[in-house]
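Whatever position you read off the sequence shown (first residue = 1), add 441 for our numbering.
Hints in this document: simulated from the structure, not taken from any laboratory. The reader is advised that the hints may include incorrect statements.
[Said to hold, decoys possible] Below 30 Å or equal to it, Euclidean Cα-Cα: the simulated DSBU-like pairs (lysine-lysine) are:
| no. | residue 1 | residue 2 |
| --- | --- | --- |
| 1 | K470 | K446 |
| 2 | K499 | K446 |
| 3 | K470 | K501 |
All of these numbers come straight from a predicted model, not from anything done at the bench.
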Amino acid sequence: MTLAKLVKTIVAALEEIKARDVEVLDVRKISTLFDRMIIASGDSTRQTKAIANNVAEKVKAAGGSVYGIEGEETGEWILVDLGDVLVHVMQSAARAHYNLEELWAEAKKIKRATASAPGGISSVSASGERSKAPAQAGPKSKMSKTAGSQLDLGGED
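All chains should be built: construct the whole structure from the sequences, respecting the hints.
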(Lines of atoms letter the chains of each structure in order from A and count residues from 1; the text may use other names and numbers.)
(Lines give C-alpha, C1' and ligand atoms only; values in the text may rest on other atoms or scores of the structure.)
Protein backbone atom coordinates (compact mmCIF):
# COMPACT_ATOMS: atom_id res chain seq x y z
CA MET A 1 0.00 0.00 0.00
CA THR A 2 1.36 3.42 -0.92
CA LEU A 3 1.84 6.07 1.73
CA ALA A 4 -0.83 8.23 0.08
CA LYS A 5 -3.39 5.42 0.15
CA LEU A 6 -2.50 4.56 3.75
CA VAL A 7 -2.98 8.16 4.93
CA LYS A 8 -6.28 8.48 3.04
CA THR A 9 -7.51 5.22 4.57
CA ILE A 10 -6.57 6.40 8.06
CA VAL A 11 -8.20 9.82 7.70
CA ALA A 12 -11.39 8.24 6.34
CA ALA A 13 -11.45 5.83 9.31
CA LEU A 14 -10.96 8.73 11.74
CA GLU A 15 -13.76 10.76 10.14
CA GLU A 16 -16.10 7.76 10.16
CA ILE A 17 -16.04 7.63 13.98
CA LYS A 18 -16.15 11.44 14.31
CA ALA A 19 -12.57 12.07 15.45
CA ARG A 20 -11.95 15.78 16.03
CA ASP A 21 -9.04 18.10 15.26
CA VAL A 22 -7.25 15.72 12.91
CA GLU A 23 -3.68 16.85 12.15
CA VAL A 24 -1.46 15.13 9.57
CA LEU A 25 2.26 15.84 10.01
CA ASP A 26 5.05 15.04 7.54
CA VAL A 27 7.97 14.03 9.76
CA ARG A 28 10.33 12.62 7.10
CA LYS A 29 12.88 15.41 7.57
CA ILE A 30 13.06 14.97 11.35
CA SER A 31 12.53 11.24 11.89
CA THR A 32 13.95 8.15 10.25
CA LEU A 33 11.47 5.87 12.01
CA PHE A 34 8.25 6.88 10.25
CA ASP A 35 7.01 9.28 7.56
CA ARG A 36 3.72 10.62 8.89
CA MET A 37 2.20 11.27 12.28
CA ILE A 38 -1.54 11.72 12.58
CA ILE A 39 -3.04 13.18 15.75
CA ALA A 40 -6.78 13.10 16.47
CA SER A 41 -9.06 13.68 19.44
CA GLY A 42 -11.96 11.73 20.89
CA ASP A 43 -14.40 12.83 23.57
CA SER A 44 -14.39 9.73 25.76
CA THR A 45 -12.58 6.48 26.48
CA ARG A 46 -15.20 4.60 24.49
CA GLN A 47 -14.78 6.90 21.48
CA THR A 48 -10.96 6.86 21.48
CA LYS A 49 -11.01 3.05 21.61
CA ALA A 50 -13.58 2.91 18.79
CA ILE A 51 -11.53 5.33 16.68
CA ALA A 52 -8.29 3.37 17.16
CA ASN A 53 -9.99 0.05 16.44
CA ASN A 54 -11.67 1.45 13.32
CA VAL A 55 -8.32 2.72 12.02
CA ALA A 56 -6.76 -0.73 12.56
CA GLU A 57 -9.69 -2.54 10.91
CA LYS A 58 -9.82 -0.25 7.87
CA VAL A 59 -6.05 -0.41 7.31
CA LYS A 60 -6.09 -4.23 7.51
CA ALA A 61 -9.08 -4.38 5.14
CA ALA A 62 -7.20 -2.18 2.65
CA GLY A 63 -4.21 -4.55 2.73
CA GLY A 64 -2.04 -2.66 5.20
CA SER A 65 -0.33 -3.90 8.36
CA VAL A 66 -0.93 -2.98 11.98
CA TYR A 67 2.26 -3.43 14.01
CA GLY A 68 0.82 -2.57 17.39
CA ILE A 69 -1.76 -0.73 19.43
CA GLU A 70 -0.82 0.71 22.82
CA GLY A 71 -2.88 2.49 25.48
CA GLU A 72 -6.25 0.81 25.01
CA GLU A 73 -6.44 -0.01 28.72
CA THR A 74 -7.06 3.59 29.76
CA GLY A 75 -8.16 5.08 26.44
CA GLU A 76 -6.69 8.50 27.26
CA TRP A 77 -3.97 8.18 24.61
CA ILE A 78 -3.95 5.32 22.14
CA LEU A 79 -1.07 4.85 19.72
CA VAL A 80 -1.65 2.84 16.55
CA ASP A 81 1.62 1.83 14.85
CA LEU A 82 1.11 1.32 11.12
CA GLY A 83 4.78 1.28 10.14
CA ASP A 84 5.25 4.40 8.04
CA VAL A 85 2.46 6.17 9.92
CA LEU A 86 1.84 6.58 13.65
CA VAL A 87 -1.67 7.51 14.73
CA HIS A 88 -2.21 9.16 18.12
CA VAL A 89 -5.83 9.13 19.30
CA MET A 90 -6.11 11.24 22.44
CA GLN A 91 -8.75 12.62 24.75
CA SER A 92 -8.68 16.42 24.89
CA ALA A 93 -7.02 16.68 28.32
CA ALA A 94 -4.19 14.33 27.33
CA ARG A 95 -3.73 16.10 24.01
CA ALA A 96 -3.49 19.50 25.71
CA HIS A 97 -1.11 18.14 28.36
CA TYR A 98 1.33 16.38 26.02
CA ASN A 99 0.95 18.91 23.16
CA LEU A 100 2.49 16.70 20.47
CA GLU A 101 1.97 19.38 17.85
CA GLU A 102 4.41 21.62 19.73
CA LEU A 103 6.89 18.80 20.37
CA TRP A 104 6.89 18.06 16.64
CA ALA A 105 6.69 21.73 15.59
CA GLU A 106 9.45 21.24 13.00
CA ALA A 107 7.21 18.80 11.11
CA LYS A 108 5.39 20.05 8.06
CA LYS A 109 1.62 20.21 8.55
CA ILE A 110 -0.06 18.63 5.57
CA LYS A 111 -2.87 20.53 3.90
CA ARG A 112 -6.06 18.58 4.27
CA ALA A 113 -9.15 19.09 2.16
CA THR A 114 -12.58 18.30 3.49
CA ALA A 115 -15.85 17.76 1.73
CA SER A 116 -17.70 19.71 4.41
CA ALA A 117 -17.95 22.97 2.47
CA PRO A 118 -21.31 23.23 0.70
CA GLY A 119 -20.96 23.24 -3.08
CA GLY A 120 -17.32 22.28 -3.16
CA ILE A 121 -14.20 21.24 -1.37
CA SER A 122 -12.32 23.62 0.88
CA SER A 123 -8.64 23.27 1.57
CA VAL A 124 -7.47 23.84 5.12
CA SER A 125 -3.90 25.13 5.26
CA ALA A 126 -1.48 24.63 8.12
CA SER A 127 -2.47 28.06 9.45
CA GLY A 128 -6.12 27.03 9.47
CA GLU A 129 -7.16 29.32 6.61
CA ARG A 130 -9.80 27.96 4.26
CA SER A 131 -9.74 28.43 0.51
CA LYS A 132 -12.72 27.25 -1.47
CA ALA A 133 -12.24 25.24 -4.64
CA PRO A 134 -14.96 25.26 -7.27
CA ALA A 135 -17.47 22.42 -7.24
CA GLN A 136 -17.17 19.76 -9.91
CA ALA A 137 -19.90 19.67 -12.53
CA GLY A 138 -22.01 16.62 -13.21
CA PRO A 139 -23.43 13.77 -11.16
CA LYS A 140 -20.04 12.69 -9.79
CA SER A 141 -19.77 15.89 -7.75
CA LYS A 142 -21.83 14.39 -4.92
CA MET A 143 -19.31 13.20 -2.35
CA SER A 144 -19.71 11.90 1.14
CA LYS A 145 -17.59 13.46 3.86
CA THR A 146 -15.34 10.40 4.00
CA ALA A 147 -15.24 9.50 0.32
CA GLY A 148 -14.59 13.11 -0.68
CA SER A 149 -11.59 13.65 1.54
CA GLN A 150 -8.44 14.50 -0.38
CA LEU A 151 -4.95 14.89 1.00
CA ASP A 152 -2.00 16.85 -0.29
CA LEU A 153 0.71 14.59 1.07
CA GLY A 154 3.45 17.11 0.55
CA GLY A 155 5.82 14.89 -1.38
CA GLU A 156 6.45 11.43 -2.73
CA ASP A 157 4.57 8.33 -1.68
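Checked hints:
1. As the CA atoms of K470 and K446 are separated by approximately 20 Å, the hinted pair is consistent with the 30 Å bound.
2. For the suggested pair K499 and K446, the alpha carbons sit about 12 Å apart, so the restraint of at most 30 Å is met.
3. The hinted pair formed by K470 and K501 meets the criterion: a straight-line CA distance of about 27 Å does not exceed 30 Å.
The structure agrees with every numbered hint stated previously.
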